[in-house]
Structures are given as structure tokens and as C-alpha cells.
Amino acid sequence: GNSVTQMEGPVTLSEEAFLTINCTYTATGYPSLFWYVQYPGEGLQLLLKATKADDKGSNKGFEATYRKETTSFHLEKGSVQVSDSAVYFCALREGTGRRALTFGSGTRLQVQP
Amino acid sequence: DAEITQSPRHKITETGRQVTLACHQTWNHNNMFWYRQDLGHGLRLIHYSYGVQDTNKGEVSDGYSVSRSNTEDLPLTLESAASSQTSVYFCASSANREGGYTFGSGTRLTVV
Chain Y
1 GNSVTQMEGP VTLSEEAFLT INCTYTATGY PSLFWYVQYP GEGLQLLLKA TKADDKGSNK
61 GFEATYRKET TSFHLEKGSV QVSDSAVYFC ALREGTGRRA LTFGSGTRLQ VQP
Chain V
1 DAEITQSPRH KITETGRQVT LACHQTWNHN NMFWYRQDLG HGLRLIHYSY GVQDTNKGEV
61 SDGYSVSRSN TEDLPLTLES AASSQTSVYF CASSANREGG YTFGSGTRLT VV
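In order, the protein sequence lines correspond to chains Y and V.
For what it's worth, this note's numbering labels the leading residue of the first sequence as 1, then goes sequentially.
For what it's worth, this note's numbering labels the leading residue of the second sequence as 1, then goes sequentially.
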């Protein structure tokens with residue numbers, strides 16, 4: 001079956017530091033890949049996505065590249081802010097027709113001023 | 001503006017009671033989903049629906065049921081609440097499989 005593995009948190013960084021959150025996946029087909037962000041007390045919001053190999057998703061300074069050869073979709077940001085503190089979820093959805101998302105366990109990011 | 005709303009935001013119930021959590025979306029999305037969020041497990045799929053009168057079981061469907069009588073609503077029912085069902089429940093909807101989901105704000109359910 002499908003699965004998503006994320007690095008365990010929390011990840012604690014100082015403001016303006018470089019961020020990487022690792023995500024690897026297992027899928028039988030050709031999935032679309034997503035990063036969602038959850039701020040305290042809120043639902044999940046789509047941060048970025050990529051639908052095929054070598055695609056790069058980007059939004060709000062965050063980037064992730066769909067690497068089929070390493071089955072990875074690592075999230076990066078060059079300079080984090082306190083306002084980026086949240087829980088980040090990597091997710092996949094099979095490209096063959098099933099429309100439910102499979103989520104990783106989430107990684108909490110804490111950015112200190 | 002279109003939205004997806006969940007109610008109630010918080011609920012405390014007793015073991016053995018039947019509980020229904022509401023989800024209502026005005027996006028006119030065909031696809032709707034219920035997830036539960038637990039520490040260390042991320043989000044796990046409970047039930048989902050691809051349209052009116054269509055419902056499907058997810059990976060953790062035991063003890064839960066859903067019905068889809070119109071496009072806008074997918075209520076989640078706990079037949080007989082158990083302490084293991086204490087969790088945060090999220091509803092989501094989507095228009096097609098290439099798009100992302102839109103999530104509700106969640107319902108925090110405590111079973112005592």
C-alpha cells in the first residue's frame with residue numbers, strides 16, 4: 001500500500017535559518033505529492049504540490065522537488081520566520097484514480113526569534 | 001465566499017452514546033472526506049464519498065458511519081462512542097483528483 005514517511009520533530013530553528021523537512025514515500029503508481037501546513041487551532045492548508053517527476057512546487061518561499069529516483073519530496077525554505085511555526089504534513093495521492101490523500105505523521109517546526 | 005464548515009468545534013460525550021459530527025461545504029465539490037488526527041499518526045482516513053449516495057470505508061472505519069444525501073453534507077456518526085475515538089476530526093472536500101483539498105477547522109471530540 002501507499003505510505004509517507006516524514007522526519008520526526010520537533011524541528012527547532014532560529015529565525016532566518018535554512019529549513020529542510022524530509023519526506024519519502026512508497027506508492028504503487030505515479031502519485032501527486034503535496035505539502036500541507038497546519039497552524040495552531042486550525043485546519044490544514046495546501047502549501048504546495050507537484051504532480052509529476054522533476055516538478056518543483058513553490059509557495060511563500062517554500063519549495064519541494066518531486067524526485068522519483070529517490071522517492072522523495074523534501075520541503076525547503078531559505079530563511080524561516082517565527083510565523084512559519086506550524087505542523088507540516090507531506091501527503092500523496094495516487095495518479096491512477098483514487099482520490100483520497102495518504103498523509104505522513106507530520107513534523108512540528110518551532111522558529112525562535 | 002465558498003467554505004467548508006464543521007460543527008460543533010468541541011464536544012464532550014459519554015461512552016456508549018451516539019454522536020454525529022457535521023460537515024457542510026459550499027464549494028459544490030463532489031469528493032468529501034473524513035479524517036481523524038492523533039499524535040504520532042498524522043491524519044488517518046475514516047470514510048469518503050465521491051458523490052451523492054456514494055460512501056466508502058477508509059483505513060480506520062470501524063465504529064463510524066457516513067451518509068451522503070446531497071452534495072453539500074457528509075455527516076460522520078459514531079454509533080457507540082468509545083474512549084479510543086477521542087480525537088480531532090477533520091472534514092475535507094475536493095473538486096477533482098489533481099486539485100488539493102479544502103479542510104474544515106476541525107472538531108475536537110472527547111469521549112469520557
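Don't take each hint at face value.
Heads up, simulated DSBU-like pairs for lysine-lysine below, C-alpha to C-alpha not over 35 Å straight-line [as the list claims (entries may be wrong)]:
| # | chain 1 | residue 1 | chain 2 | residue 2 |
| --- | --- | --- | --- | --- |
| 1 | Y | 77 | Y | 52 |
| 2 | V | 57 | V | 11 |
| 3 | V | 11 | Y | 68 |
| 4 | Y | 60 | Y | 77 |
| 5 | Y | 56 | V | 57 |
| 6 | Y | 68 | Y | 56 |
| 7 | Y | 77 | Y | 56 |
| 8 | Y | 68 | Y | 52 |
| 9 | Y | 52 | V | 57 |
Calculated from the structure, these hints are not laboratory results.
Every value quoted in this text rests on a predicted model; they were computed, and no experiment measured them.
We went through each hint and held it up to the structure:
1. Pair hint residue 77/Y plus residue 52/Y holds up; C-alpha atoms about 21 Å apart against a cutoff of 35 Å.
2. Straight-line distance between C-alpha atoms of residue 57/V and residue 11/V comes to about 24 Å, which keeps the hinted pair within the 35 Å bound.
3. A C-alpha spacing of about 43 Å is found between residue 11/V and residue 68/Y, which places the hinted pair above 35 Å, so the restraint is violated.
4. Note on residue 60/Y and residue 77/Y: the hinted pairing holds, with a Cα-Cα distance of about 9 Å set against a maximum of 35 Å.
5. Only pairs whose Cα atoms come within 35 Å are accepted, and residue 56/Y paired with residue 57/V is accepted, the gap being roughly 33 Å.
6. A C-alpha spacing of about 12 Å is found between residue 68/Y and residue 56/Y, which places the hinted pair at or below 35 Å, so the restraint holds.
7. In summary, the hint linking residue 77/Y to residue 56/Y is supported, as the alpha carbons are separated by about 13 Å, within the 35 Å threshold.
8. As the CA atoms of residue 68/Y and residue 52/Y are separated by approximately 8 Å, the hinted pair is consistent with the 35 Å bound.
9. With a CA separation close to 28 Å, the supplied pair residue 52/Y and residue 57/V stays within the 35 Å bound.
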